[in-house]
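**Student:** Each chain is listed here by its residues.
2 protein chains.
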Amino acid sequence: MDTYLIEKDFKNLLKEQASYREAIMLAHWDMSTKIPKNGIEQRSEVVGFLSEKLHQIETSEKMKYFIDVLKDSTENEVMKKTIEECEETYERNRKIPNQEFKEYVMLQTKSESIWQEARENADFSLFQPYLEQLVDYNKKFANYWGYEDNIYDALLHNFEPGVTTKTLDHVFPELRKSLTSLMDKINGSTHKPDASVLTGHFPKKDQEAFSVEVLKRMGYNFTSGRLDETVHPFAIALNRNDVRVTTRYDEKDFRMAVFGTIHEGGHALYEQNINSELINTPLATGTSMGIHESQSLFWENFVGRNKAFWESHYELFKSHAPAHFQNVPLDDFYRAVNEVKPSFIRIEADELTYPLHIMIRYELEKALINGEIKVKDLPGLWNEKMNNYLGITPPSDKEGVLQDIHWSGGDFGYFPSYALGYMYSAQLHNTLTQEINLDEIITKGDFNQLRNWLTKNVHQYGKMKKPLEIIEDVTKEKLNPEHLVNYLMKKYSSIYQL
Amino acid sequence: MDTYLIEKDFKNLLKEQASYREAIMLAHWDMSTKIPKNGIEQRSEVVGFLSEKLHQIETSEKMKYFIDVLKDSTENEVMKKTIEECEETYERNRKIPNQEFKEYVMLQTKSESIWQEARENADFSLFQPYLEQLVDYNKKFANYWGYEDNIYDALLHNFEPGVTTKTLDHVFPELRKSLTSLMDKINGSTHKPDASVLTGHFPKKDQEAFSVEVLKRMGYNFTSGRLDETVHPFAIALNRNDVRVTTRYDEKDFRMAVFGTIHEGGHALYEQNINSELINTPLATGTSMGIHESQSLFWENFVGRNKAFWESHYELFKSHAPAHFQNVPLDDFYRAVNEVKPSFIRIEADELTYPLHIMIRYELEKALINGEIKVKDLPGLWNEKMNNYLGITPPSDKEGVLQDIHWSGGDFGYFPSYALGYMYSAQLHNTLTQEINLDEIITKGDFNQLRNWLTKNVHQYGKMKKPLEIIEDVTKEKLNPEHLVNYLMKKYSSIYQL
Numbered sequence: 017m018d019t020y021l022i023e024k025d026f027k028n029l030l031k032e033q034a035s036y037r038e039a040i041m042l043a044h045w046d047m048s049t050k051i052p053k054n055g056i057e058q059r060s061e062v063v064g065f066l067s068e069k070l071h072q073i074e075t076s077e078k079m080k081y082f083i084d085v086l087k088d089s090t091e092n093e094v095m096k097k098t099i100e101e102c103e104e105t106y107e108r109n110r111k112i113p114n115q116e117f118k119e120y121v122m123l124q125t126k127s128e129s130i131w132q133e134a135r136e137n138a139d140f141s142l143f144q145p146y147l148e149q150l151v152d153y154n155k156k157f158a159n160y161w162g163y164e165d166n167i168y169d170a171l172l173h174n175f176e177p178g179v180t181t182k183t184l185d186h187v188f189p190e191l192r193k194s195l196t197s198l199m200d201k202i203n204g205s206t207h208k209p210d211a212s213v214l215t216g217h218f219p220k221k222d223q224e225a226f227s228v229e230v231l232k233r234m235g236y237n238f239t240s241g242r243l244d245e246t247v248h249p250f251a252i253a254l255n256r257n258d259v260r261v262t263t264r265y266d267e268k269d270f271r272m273a274v275f276g277t278i279h280e281g282g283h284a285l286y287e288q289n290i291n292s293e294l295i296n297t298p299l300a301t302g303t304s305m306g307i308h309e310s311q312s313l314f315w316e317n318f319v320g321r322n323k324a325f326w327e328s329h330y331e332l333f334k335s336h337a338p339a340h341f342q343n344v345p346l347d348d349f350y351r352a353v354n355e356v357k358p359s360f361i362r363i364e365a366d367e368l369t370y371p372l373h374i375m376i377r378y379e380l381e382k383a384l385i386n387g388e389i390k391v392k393d394l395p396g397l398w399n400e401k402m403n404n405y406l407g408i409t410p411p412s413d414k415e416g417v418l419q420d421i422h423w424s425g426g427d428f429g430y431f432p433s434y435a436l437g438y439m440y441s442a443q444l445h446n447t448l449t450q451e452i453n454l455d456e457i458i459t460k461g462d463f464n465q466l467r468n469w470l471t472k473n474v475h476q477y478g479k480m481k482k483p484l485e486i487i488e489d490v491t492k493e494k495l496n497p498e499h500l501v502n503y504l505m506k507k508y509s510s511i512y513q514l
Numbered sequence: 017m018d019t020y021l022i023e024k025d026f027k028n029l030l031k032e033q034a035s036y037r038e039a040i041m042l043a044h045w046d047m048s049t050k051i052p053k054n055g056i057e058q059r060s061e062v063v064g065f066l067s068e069k070l071h072q073i074e075t076s077e078k079m080k081y082f083i084d085v086l087k088d089s090t091e092n093e094v095m096k097k098t099i100e101e102c103e104e105t106y107e108r109n110r111k112i113p114n115q116e117f118k119e120y121v122m123l124q125t126k127s128e129s130i131w132q133e134a135r136e137n138a139d140f141s142l143f144q145p146y147l148e149q150l151v152d153y154n155k156k157f158a159n160y161w162g163y164e165d166n167i168y169d170a171l172l173h174n175f176e177p178g179v180t181t182k183t184l185d186h187v188f189p190e191l192r193k194s195l196t197s198l199m200d201k202i203n204g205s206t207h208k209p210d211a212s213v214l215t216g217h218f219p220k221k222d223q224e225a226f227s228v229e230v231l232k233r234m235g236y237n238f239t240s241g242r243l244d245e246t247v248h249p250f251a252i253a254l255n256r257n258d259v260r261v262t263t264r265y266d267e268k269d270f271r272m273a274v275f276g277t278i279h280e281g282g283h284a285l286y287e288q289n290i291n292s293e294l295i296n297t298p299l300a301t302g303t304s305m306g307i308h309e310s311q312s313l314f315w316e317n318f319v320g321r322n323k324a325f326w327e328s329h330y331e332l333f334k335s336h337a338p339a340h341f342q343n344v345p346l347d348d349f350y351r352a353v354n355e356v357k358p359s360f361i362r363i364e365a366d367e368l369t370y371p372l373h374i375m376i377r378y379e380l381e382k383a384l385i386n387g388e389i390k391v392k393d394l395p396g397l398w399n400e401k402m403n404n405y406l407g408i409t410p411p412s413d414k415e416g417v418l419q420d421i422h423w424s425g426g427d428f429g430y431f432p433s434y435a436l437g438y439m440y441s442a443q444l445h446n447t448l449t450q451e452i453n454l455d456e457i458i459t460k461g462d463f464n465q466l467r468n469w470l471t472k473n474v475h476q477y478g479k480m481k482k483p484l485e486i487i488e489d490v491t492k493e494k495l496n497p498e499h500l501v502n503y504l505m506k507k508y509s510s511i512y513q514l
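As you go down the protein sequences, you meet chains A and B in turn.
Here the first sequence is numbered in my numbering, starting from 17 and rising by one per residue.
Here the second sequence is numbered in my numbering, starting from 17 and rising by one per residue.
Hints listed in this document are in silico derivations from the structure and should not be mistaken for laboratory results.
Treat the hints with care, as some may be off.
Identical chains blur together in the list; that is why a pair holds if it fits in one copy or across any two.
Claimed, not checked - Dumping the calculated DMTMM-like pairs for lysine to aspartate or glutamate here, alpha-carbon to alpha-carbon at most 25 angstroms:
1) LYS232 <-> GLU57
2) LYS50 <-> GLU61
3) LYS507 <-> GLU190
4) LYS126 <-> GLU32
5) LYS482 <-> GLU57
6) LYS232 <-> ASP46
7) LYS208 <-> GLU327
8) LYS80 <-> GLU116
9) LYS87 <-> GLU136
10) LYS156 <-> GLU388
11) LYS392 <-> ASP427
12) LYS390 <-> GLU164
13) LYS323 <-> ASP210
14) LYS481 <-> GLU91
15) LYS118 <-> GLU493
16) LYS53 <-> GLU229
17) LYS31 <-> GLU104
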């Protein structure tokens, strides 16, 4: 059979994978937004079944055959990268014995529901035995996959290929030092914002109307997407022509919905603007968790929490908001939405304390995987670090070590990508502002230039480029946490008159 | 391997089928309710792919093995019926050569979009060549499947197993004669209802509030379902714990939403109340289109269009309805929602003219499949029959032969089940009213007794019983159109004072 025909068969197999992926994504979206309660149990099994079918294709002999035959014979760049991606998935998955993989999948499902119970009851001991097993499996898998310096690197690779413990241990302490020193200054400031002006009854439908308007202005395409309500906001791509966002409405505090929607809108713009040539390949999605987060955080922080944004959107906001906002001056409003205040819950943290939450989780999971600490000691260690880094101690494990779902799904190595995404976004911001007067276009409320810049430099590539390749190609330098520090210093010095 | 282990493997295969089915149903539901426009194209391919996978299992060697081994060795009644169902599906599907099946699936997809275009443009000639091919394939398939008397029986079997052309040709003319004679009398009546009292601006959210309330009273379980809005209302069962209904709101005329919701609610009650032992088998769904329709029509007509229903629900209705209904007396209202008036569109037809729409379609498709008429002559023949049976001629093919989607999907033999369902419902009604004072419980607004009766006699069985088996077991007689005629005679004699 000649290469052309083999490529054709290979593309059919890729399309099958894409079909399974869409069915799985839809099942997840529905489970988080629309499913009636009694449908959940059966649905979990459907998702498990479809995921297994996808996994079977990824690790099939057929896949191996295509990889071997096409690897060196194709000239097409997309095909080359596709093969690379498939090969990596094939190799990594094949290294895990089938029996262990099945046991692990069962453990994941079970652990998630146990974690939920443990969190609700603020009882870590319920979750502990499951977490111990999850850590053990991840250590085993990390050894199967292999690593150079640190076993944790093997896990990091799943979420941020190319980034290692060495990189993180270089940038994180530097970042922490700067953030802590900045926070100390802020604590001593006598010019603090008053966030109490932000609360008050704000009906859901008005928050929704404003959120939809902002999404439209960002360039989110509602003909290829939709906005729904969930407990935990997310963006999900069924394919680039069907990218859905969700948000959460708190009628007492609009910040969750407004900044949450902008954040998820940033993720969605990434997926909607991937090059259409990549459709039906495994490259048709964001290249890593970190780069994805760089896009959502760019919109949330550099746009949404920017004074220029409120200069152009405060009137629109007030037209939807409760009457008392009429008496809140723009400057007070802007400073209030940027209040820095150590808090227990990561996803509710402000721009400045956010990275500290991530570092705590990173340090703990790295130590866990390296066998330096024990699962049973996590609650104590978590509280100790919270106290050291943020100066506060969670009232219970519910607001502490049990708050996030990730570990219950066995996702170790995921957290750093949140802080990385933040640093990426600041580094991209630094380059972008040399080319575009960002504040000016934001003040005008015209986001086309910004979105086009992001599409040209980031979105379009999907997985054609690795995370650090994107950062280095665009910014002409390696990962550099100084840009984030500089941005925060400048912004918060002004807000707190430091 | 002993039978126990083989049964276990077989059950796993059935579960895989159920998973594919749920994924397909969810994809369909989403396509009709939530999907953004640009997602449709890709989604159609996903549905096609998943359907093919399901079809592969149904016709697999593995399936054949299980059928052969388990057929005579199992004592369990559910397992026996499951095997029978699987065998029938296997045999029927295997009779169609793979290549022809694939071509046919492609033709179906294409034809549906062409039909939509043809309908929008009221241009039958666009659709004609596709319909010709669809008829040819159905003739071929009918011959593969085999039949005794009439080739059309082989198609009828797909939707109403056990019912034949012979039965239909016996009951339909009888029914038509009675209906036509009743209509003649109605036309001559001087005591006609005034339906104009029913119209006026009725906001969607108020119609929705009333519809939801009625569904709840019917016993539709919202913890295992949900109500959404669509262009074409439907009920869909992902599994018995996730049965969703949709409705359409016309703000000028509430009848579409209210009677449509009750109708779909009737379908949904059937699926929600199938015995839980049948979960994950192919028996866990309605036994035929006709029996399904008997349930939806029972609720729509014998409950929803019943005077007793409005005696107990008119106050509730008025609390949601526009103010002018305060001035419409109950009796005028009741008579207005039961107005008989020949109309072009089947799904908007009244109780009395509805079966005539079905008979026209039945007569035409039977003649088509028997080669007695040609596709190109359909528009003329349709209009001729409309004129003969209903005394009106559609202004264009859009309101005529092109109005229904079924033929574009190759569904020949489907239409009779609508009229059969109607006759079934009247026959069930006749038996039920001998055991239960239906008007009394409806007047009380307590539907539990009714729903329990339907569950006990119909719902619970799923596909454990064939359609006519259900009718004969419950009513102790064969299909008898007299019950429908008697019901209509009595009801409309009173409304029109004949």
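**Student:** Compare the structure with each hint and give your call.
**Tutor:** Going through the hints against the structure:
1. LYS232 <-> GLU57: Between copies only: 23 angstroms across, 36 angstroms inside.
2. LYS50 <-> GLU61: both (17 angstroms within a copy, 23 angstroms between copies)
3. LYS507 <-> GLU190: Within. Shortest intra-copy distance 19 angstroms satisfies the 25 angstroms Cα cut-off; inter-copy 85 angstroms does not.
4. LYS126 <-> GLU32: Close across copies (21 angstroms), not inside one copy (28 angstroms); limit 25 angstroms.
5. LYS482 <-> GLU57: neither (37 angstroms within a copy, 30 angstroms between copies)
6. LYS232 <-> ASP46: both (23 angstroms within a copy, 23 angstroms between copies)
7. LYS208 <-> GLU327: within (21 angstroms within a copy, 65 angstroms between copies)
8. LYS80 <-> GLU116: Cα proximity of LYS80 and GLU116: one copy only (21 angstroms, versus 32 angstroms across).
9. LYS87 <-> GLU136: neither (50 angstroms within a copy, 49 angstroms between copies)
10. LYS156 <-> GLU388: Within. Shortest intra-copy distance 16 angstroms satisfies the 25 angstroms Cα cut-off; inter-copy 72 angstroms does not.
11. LYS392 <-> ASP427: within (18 angstroms within a copy, 62 angstroms between copies)
12. LYS390 <-> GLU164: Classified as within: same-chain Cα gap 24 angstroms, cross-chain 75 angstroms, threshold 25 angstroms.
13. LYS323 <-> ASP210: Within one copy, since 16 angstroms is at most 25 angstroms while 63 angstroms is not.
14. LYS481 <-> GLU91: Cα proximity of LYS481 and GLU91: one copy only (17 angstroms, versus 60 angstroms across).
15. LYS118 <-> GLU493: The answer is neither: 42 angstroms in one copy and 54 angstroms across copies each exceed 25 angstroms.
16. LYS53 <-> GLU229: between (31 angstroms within a copy, 19 angstroms between copies)
17. LYS31 <-> GLU104: within (18 angstroms within a copy, 31 angstroms between copies)
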